[in-house]
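Participant: One-letter residues, chain by chain:
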Amino acid sequence: MKVLAVNNVDLSINEGEFTAIVGPSGSGKTTLLNMIGGLDNITHGRVEISGTDISTLTDNQLIDFRLQNIGFVFQAYNLIPVLTAKENVEFIMLLQGISEKERKLRSEELLRDVGLVDKLNVRPNQLSGGQQQRVAVARALASKPSFILADEPTANLDSSSTANLLDMMAEMNEKEKVTFLFSTHDQRVIDRAKRIITIEDGKIISDERT
Amino acid sequence: MKTILKIAWRNIWRTPMRSLIVISSIVMGIWAGIFVVAFSYGLNKQRTQNSIKNSISHIQIHHPEYQKDYDSKFYLKEPDLIKTTLDGDSTIKAYAFRSLLNGMVSSPVKSSGVRIIGVNKNQEKELTSIYAGLVNGNYFESKRRNPILVGQALAEKLKIKVQSKVVLTFQDSENNIVSGAFRVCGIFKTQYTKHDQGNVFIENKDIQRLLKSEEFHQVALLCNSIEQVDSTYKKLKTNLTNYEVKDWKSISPELAYADKIMESWLFLIMVIIMLALIFGIINTMLMAIFERRKELGMLMAIGMNRSKIFFLVLTETLFLSIIGAPTGLLLGALTIKITSQTGINLGIIAQGLESVGLSAIIYPEIQPHFYLFITIMVFLFTLIAAIYPSRKALKLKPTEAIRTI
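Quick note, the sequences are listed as chains H and B, same order. Residue numbering for the first sequence is 755 to 964, as defined by the working numbering. Residue numbering for the second sequence is 102 to 506, as defined by the working numbering.
Don't take each hint at face value.
Claimed, not checked - According to the in silico footprint, chain B covers these stretches of chain H (three or more CB under 8 Å from chain B): (1) 791-798; (2) 812-822; (3) 931-939.
To be verified - Derived lysine to any residue pairs resembling SDA-like cross-links, with alpha carbons at most 25 Å apart: (4) B/Lys498 x H/Asn823; (5) B/Lys336 x B/Ile477; (6) H/Lys858 x B/Ile278; (7) B/Lys493 x H/Gln815; (8) B/Lys258 x B/Arg284; (9) B/Lys493 x H/Thr812; (10) B/Lys347 x B/Leu311; (11) B/Lys306 x B/Leu367; (12) B/Lys395 x H/Gly883; (13) B/Lys290 x B/Met129; (14) B/Lys103 x H/Arg800; (15) B/Lys260 x B/Ser230; (16) B/Lys260 x B/Arg284; (17) B/Lys107 x H/Gln880; (18) B/Lys103 x H/Gln850; (19) B/Lys350 x B/Lys498; (20) B/Lys154 x B/Trp114; (21) B/Lys395 x H/Ala830; (22) B/Lys103 x H/Arg877; (23) B/Lys103 x H/Asn879; (24) B/Lys409 x H/Glu856; (25) B/Lys498 x H/Arg800; (26) B/Lys154 x B/Lys395; (27) B/Lys174 x B/Ile278; (28) H/Lys929 x H/Arg877; (29) B/Lys498 x B/Lys347; (30) B/Lys107 x H/Thr812; (31) H/Lys858 x B/Lys409; (32) B/Lys395 x H/Asn875; (33) B/Lys313 x B/Lys290; (34) B/Lys409 x H/Leu821; (35) B/Lys226 x B/Pro209; (36) B/Lys107 x H/Lys929.
I should point out that these hints are in silico values taken from the structure, not numbers from a laboratory. Note that CB positions come from ideal geometry on N, CA and C, so glycine has one too.
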């Protein structure tokens, strides 16, 4: 049986946007995000990021492209459990080959920005869900990516943590011009998004800017 | 690199019980391997030493024809030349001239075929362990004529004891049947029952009186150490061209082969132990990867390349060995150090051991290079064990990390 995962999407995201992709379950939100992030292979069409057609890249080139250009925030935080908050943030910079001094400075700065300066040496299992997701955002920002892909980032958070996280991301978008692309069905995220793209069965049915 | 090592190290302690079980199996495997190797090596060395000490010595010299059919007419023609040559060699610790005859020993109740060994009692004392192995009587100290030393196994068979009278019957070099009555002066026991049952010792002067000639059929000698045997053997072969000179390896090839077979056998044992360890390690690492597949997928998603993932899993596997191997080696070395001094008493199977020339107490021993060999083997096999789980990790799709959230 042939299953079409996403279909005729034609989408362009500009630098500095704060965009939410919404739609019912099975509409193709996560698959679209995976394709944009180079995690899923594209069988037809292409994904171009800052002039690079990532569908032509090899696996290793894609890994390197993701490392240099894309920050990921996952629904279940997915931090490295054996590393502290600071080490988690530093890790991605380590993969980029950034010096120890710069890693230390930037990780501390990012964790301060997300309000976790007092949790530098704490491991993920000692942090709340909201705090873990903040570390995940700090990690995603650590590599200075072109944009951040966040797949249902608030799905496991309570209202207060969600509000805090969204405030923090909106502030980064405002001040640092960091591009965010969410897939979500969380109304709280949709309410804060500046652009809302609704897809259904792989087709964009609306694209609204607020 | 440092961070990957840190992650790998912390990862193995995420499930401490499981890691400790694998580490324990590595420790036990190496310990068992070392022990089996040392025990087998000690056993084989002891067998060789017993054989050299009780019977064959390091080197033997005969008439070139003697060993074809052990005929007593093939005696050593110029014993003085041999004596001078041996006296001039400082690597030789002791030697003894012997008269050898095949014959029959008869007690009032039974007879048995034996090899009659005529010895110079002082020379023989330095050469073999017959004197040290006396369990009853004395070492040719009786003032009565024709004393004879018999092995305990033979004494039991013939139902004789010290002071019992036996008759030796043999052929002289002219094929005449010669008989003589001998009185048991002592009973000896070595670690080889068959030797004790098949050999009797009498003094050269007594045998020569019966034969009416001074004939020696064999010179047996011991070097200062077994390492000197090869060079001494070569020298004697060059200097005594009219005689047949044989070293212990050619006298008793099965002992020399046993050394070689033992090496292959020990290698095989280690390989079997390592193979068992490999499967344990593979199983553990596969479980670890299965449990952490989301995490590994996430690492790939955020930009950790495949070689680093491979290195991470490889390092985790190696850490298990790095902890287990030295502990196992240390435990093994300690066990060998203790048991090489105390020995391992196998008294319960002493009879069986003595029937193949072994003592009841085995002293394990290991060549130092074997520790290095085992260390290399452990790391080599661990690397092999790490390949499959590492490859499994590489096949994970990063999307699994996101989709299974």
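Participant: With a cut-off of 8 Å between beta carbons, are at least three residues of the region 812-822 of chain H near chain B?
Facilitator: holds (count 7)
Participant: For the pair supplied as a hint, lysine 498 of chain B and lysine 347 of chain B, confirm whether the alpha-carbon distance does not exceed 25 Å.
Facilitator: Given pair lysine 498 of chain B, lysine 347 of chain B is violated - Cα atoms ~70 Å apart, limit 25 Å.
Participant: CA of lysine 498 of chain B to CA of asparagine 823 of chain H, is that 25 Å or under?
Facilitator: Holds: lysine 498 of chain B and asparagine 823 of chain H sit about 20 Å apart, inside 25 Å.
Participant: Just to be careful, I want the Cα atoms of lysine 395 of chain B and alanine 830 of chain H compared with a cutoff of 25 Å; is the pair within it?
Facilitator: holds, 10 Å
Participant: For the pair we were handed, lysine 336 of chain B and isoleucine 477 of chain B, check the Cα-Cα distance against 25 Å.
Facilitator: Roughly 39 Å separates the two Cα atoms, so the pair is violated.
Participant: For the pair supplied as a hint, lysine 493 of chain B and threonine 812 of chain H, confirm whether the alpha-carbon distance does not exceed 25 Å.
Facilitator: holds, 20 Å
Participant: Do the alpha carbons of lysine 395 of chain B and glycine 883 of chain H lie within 25 Å of each other, as the hint requires?
Facilitator: At roughly 18 Å apart (the allowed maximum being 25 Å), glycine 883 of chain H and lysine 395 of chain B satisfy the hint.
Participant: Taking 8 Å as the Cβ threshold, is the statement that the region 931-939 of chain H is covered by chain B upheld or broken by the three-residue rule?
Facilitator: violated (count 0)
Participant: Lysine 306 of chain B and leucine 367 of chain B were given as a pair; does the straight-line alpha-carbon distance stay at or below 25 Å?
Facilitator: Violated, because 48 Å separates the two Cα atoms, which is more than 25 Å.
Participant: Compare the distance between the alpha carbons of lysine 107 of chain B and lysine 929 of chain H with 25 Å, and conclude whether the hinted pair is satisfied.
Facilitator: It is violated: about 35 Å lies between the C-alpha atoms, which goes past 25 Å.
Participant: Would you check the hint for lysine 107 of chain B and threonine 812 of chain H, treating anything up to 25 Å between C-alpha atoms as holding?
Facilitator: With a Cα-Cα distance of about 29 Å, the restraint between lysine 107 of chain B and threonine 812 of chain H is violated, given a limit of 25 Å.
Participant: For lysine 929 of chain H and arginine 877 of chain H, compute the direct alpha-carbon distance and say whether it is at most 25 Å.
Facilitator: violated, 29 Å
Violation of the numbered hints given earlier is confined to hints 3, 5, 6, 10, 11, 13, 14, 19, 20, 26, 28, 29, 30, 33, 35 and 36; the remaining hints are satisfied by the structure.
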